[in-house]
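Number of protein chains: 2
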Amino acid sequence: MWVGEVAPRQWSVYYCRMQSLARSRGRGRPSKSESEDIARRIVEAGWSAIIANGYNAASMEAIAEVACVSKRTLYSYYATKSALFEAVFEARLTTWSARSFPDVKRGTMVQSLGTFCRMVVGQLEKADTQAVIKLVLTEATTFTDIGRVFDRHAFGLARSRIIELINSATDACDYDLSRSGQYADALLDTIWGWFSRRAIVGQVPPTSDQTADLLERSNALIRLLHKG
Amino acid sequence: MWVGEVAPRQWSVYYCRMQSLARSRGRGRPSKSESEDIARRIVEAGWSAIIANGYNAASMEAIAEVACVSKRTLYSYYATKSALFEAVFEARLTTWSARSFPDVKRGTMVQSLGTFCRMVVGQLEKADTQAVIKLVLTEATTFTDIGRVFDRHAFGLARSRIIELINSATDACDYDLSRSGQYADALLDTIWGWFSRRAIVGQVPPTSDQTADLLERSNALIRLLHKG
Numbered sequence: 001m002w003v004g005e006v007a008p009r010q011w012s013v014y015y016c017r018m019q020s021l022a023r024s025r026g027r028g029r030p031s032k033s034e035s036e037d038i039a040r041r042i043v044e045a046g047w048s049a050i051i052a053n054g055y056n057a058a059s060m061e062a063i064a065e066v067a068c069v070s071k072r073t074l075y076s077y078y079a080t081k082s083a084l085f086e087a088v089f090e091a092r093l094t095t096w097s098a099r100s101f102p103d104v105k106r107g108t109m110v111q112s113l114g115t116f117c118r119m120v121v122g123q124l125e126k127a128d129t130q131a132v133i134k135l136v137l138t139e140a141t142t143f144t145d146i147g148r149v150f151d152r153h154a155f156g157l158a159r160s161r162i163i164e165l166i167n168s169a170t171d172a173c174d175y176d177l178s179r180s181g182q183y184a185d186a187l188l189d190t191i192w193g194w195f196s197r198r199a200i201v202g203q204v205p206p207t208s209d210q211t212a213d214l215l216e217r218s219n220a221l222i223r224l225l226h227k228g
Numbered sequence: 229m230w231v232g233e234v235a236p237r238q239w240s241v242y243y244c245r246m247q248s249l250a251r252s253r254g255r256g257r258p259s260k261s262e263s264e265d266i267a268r269r270i271v272e273a274g275w276s277a278i279i280a281n282g283y284n285a286a287s288m289e290a291i292a293e294v295a296c297v298s299k300r301t302l303y304s305y306y307a308t309k310s311a312l313f314e315a316v317f318e319a320r321l322t323t324w325s326a327r328s329f330p331d332v333k334r335g336t337m338v339q340s341l342g343t344f345c346r347m348v349v350g351q352l353e354k355a356d357t358q359a360v361i362k363l364v365l366t367e368a369t370t371f372t373d374i375g376r377v378f379d380r381h382a383f384g385l386a387r388s389r390i391i392e393l394i395n396s397a398t399d400a401c402d403y404d405l406s407r408s409g410q411y412a413d414a415l416l417d418t419i420w421g422w423f424s425r426r427a428i429v430g431q432v433p434p435t436s437d438q439t440a441d442l443l444e445r446s447n448a449l450i451r452l453l454h455k456g
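Protein chains in written order, with the working numbering: chain A, 1 to 228; chain B, 229 to 456.
Please keep in mind that the hints were generated in silico from the structure rather than gathered at the bench.
No residue lacks a Cβ here, since even glycine has one placed at the ideal position from N, Cα and C.
Do not rely on the hints blindly, as some may be mistaken.
Stated by the list, open to error - List of simulated lysine-lysine pairs, BS3-like, C-alpha gap at most 27 Å:
{"no.": "1", "chain 1": "B", "residue 1": "LYS362", "chain 2": "A", "residue 2": "LYS126"}
{"no.": "2", "chain 1": "A", "residue 1": "LYS134", "chain 2": "B", "residue 2": "LYS299"}
{"no.": "3", "chain 1": "B", "residue 1": "LYS309", "chain 2": "A", "residue 2": "LYS81"}
{"no.": "4", "chain 1": "B", "residue 1": "LYS455", "chain 2": "A", "residue 2": "LYS134"}
{"no.": "5", "chain 1": "A", "residue 1": "LYS134", "chain 2": "B", "residue 2": "LYS260"}
Claimed, not checked - If you anchor each label on the Cβ, the simulated ranges turn out as follows:
{"no.": "6", "chain 1": "A", "residue 1": "ARG179", "chain 2": "B", "residue 2": "SER436", "range": "43 to 53 Å"}
{"no.": "7", "chain 1": "A", "residue 1": "SER59", "chain 2": "B", "residue 2": "ARG327", "range": "21 to 31 Å"}
{"no.": "8", "chain 1": "A", "residue 1": "LEU215", "chain 2": "B", "residue 2": "LEU405", "range": "15 to 25 Å"}
{"no.": "9", "chain 1": "B", "residue 1": "ALA311", "chain 2": "A", "residue 2": "ARG99", "range": "40 to 50 Å"}
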């Protein structure tokens with residue numbers, strides 16, 4: 001059910017040889033573009049390792065090998081495994097969040113929040129989103145760094161997006177905007193509970209009936225914001 | 229933050245010696261009470277092992293040692309590690325669920341469901357409940373048996389309890405009782421999302437303000453049931 005992305009090790013060995021051949025022409029400090037390439041390779045290798053083996057079992061040695069850099073170079077980029085994984089997870093979440101919480105066309109409160117819910121459900125159906133969530137579920141209660149990064153880049157961004165939607169709704173005057181933060185938390189908890197409960201009992205992806213239920217709940221919760 | 233229960237190994241070695249001394253007086257098939265004692269020790273040792281090391285790393289050999297039985301005896305009780313853990317988890321959840329979902333005095337819909345939410349929150353503040361939930365979060369997406377047992381004994385029991393409360397509310401005639409299952413799922417997802425999101429970002433136990441928020445959401449969701 002969950003799909004991870006495992007680094008193609010054989011390809012990596014071939015790539016390493018090509019790289020060292022290219023480098024043998026001239027040694028010294030890597031150029032800016034070489035340095036960016038190294039950073040990108042480290043982050044990709046780190047992501048593959050954590051998805052394949054989990055945070056605890058992923059080794060810096062194996063990551064250096066897959067990224068085709070020396071351990072010394074790896075540690076000059078990231079002094080600790082924890083710092084590397086924070087960067088890896090942050091990079092993945094930044095891409096994921098940008099795709100998950102795009103702009104919603106301005107509409108009524110019910111329309112905007114409904115569109116938001118449908119977009120998030122669309123993202124939750126994707127294999128790489130499920131891989132991120134599996135990682136969060138399995139690792140975050142042990143490795144609090146992962147929880148904090150996820151909080152900032154996923155829950156935090158979604159929360160700001162919901163608050164923006166509430167404040168810019170065409171019928172915003174009917175609602176108590178001072179409570180938008182409370183509503184955003186209620187909606188996030190509802191979506192998170194709805195999805196993670198299904199992930200835990202092995203009912204992923206959700207059915208269209210379950211998606212309709214989620215939209216109905218989002219509307220019921222709008223009552224929290226309504227004046228009077 | 230999470231509190232597990234680790235088996236006192238030294239005590240266990242001493243206990244094993246005492247047991248084998250007692251048994252050396254007369255050999256043969258264990259009596260019914262001896263057999264129950266063995267089963268209880270296996271389940272306790274299994275629980276300690278899974279809490280300390282996780283499902284994957286817990287070994288049948290170590291469990292037999294802590295339970296003070298031979299591997300042969302252990303396998304005669306549980307043929308596979310998966311069967312043992314299903315029993316271990318089921319035993320723990322049965323105790324936990326009985327305590328978590330007791331009878332609620334009959335009242336209005338808002339009163340009964342409010343009391344239910346407060347009781348569940350009270351349970352979620354306990355260390356052993358948190359240990360169970362940590363186990364579910366970390367293991368269930370990989371080991372679907374754990375998810376299924378948790379679904380049956382925790383979500384399943386809570387769901388039935390909520391439906392009973394809805395149907396026996398003193399103002400039940402104002403509500404559409406045919407939708408009680410949908411409401412029960414909405415409330416469960418809300419409580420689960422509310423708690424597990426906090427567990428993931430390291431904000432456990434919840435504050436009293438957060439508990440008040442949960443009660444308000446439960447009331448907002450009652451709109452799903454209200455007629456008209």
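Evaluation of the provided hints:
no.	hint	in the structure
1	B:LYS362 / A:LYS126	holds, 25 Å
2	A:LYS134 / B:LYS299	violated, 34 Å
3	B:LYS309 / A:LYS81	violated, 32 Å
4	B:LYS455 / A:LYS134	violated, 39 Å
5	A:LYS134 / B:LYS260	violated, 44 Å
6	A:ARG179 / B:SER436: 43 to 53 Å	violated, 18 Å
7	A:SER59 / B:ARG327: 21 to 31 Å	violated, 42 Å
8	A:LEU215 / B:LEU405: 15 to 25 Å	holds, 22 Å
9	B:ALA311 / A:ARG99: 40 to 50 Å	holds, 42 Å
The structure fails hints 2, 3, 4, 5, 6, 7 (numbered hints given earlier, in ascending order).
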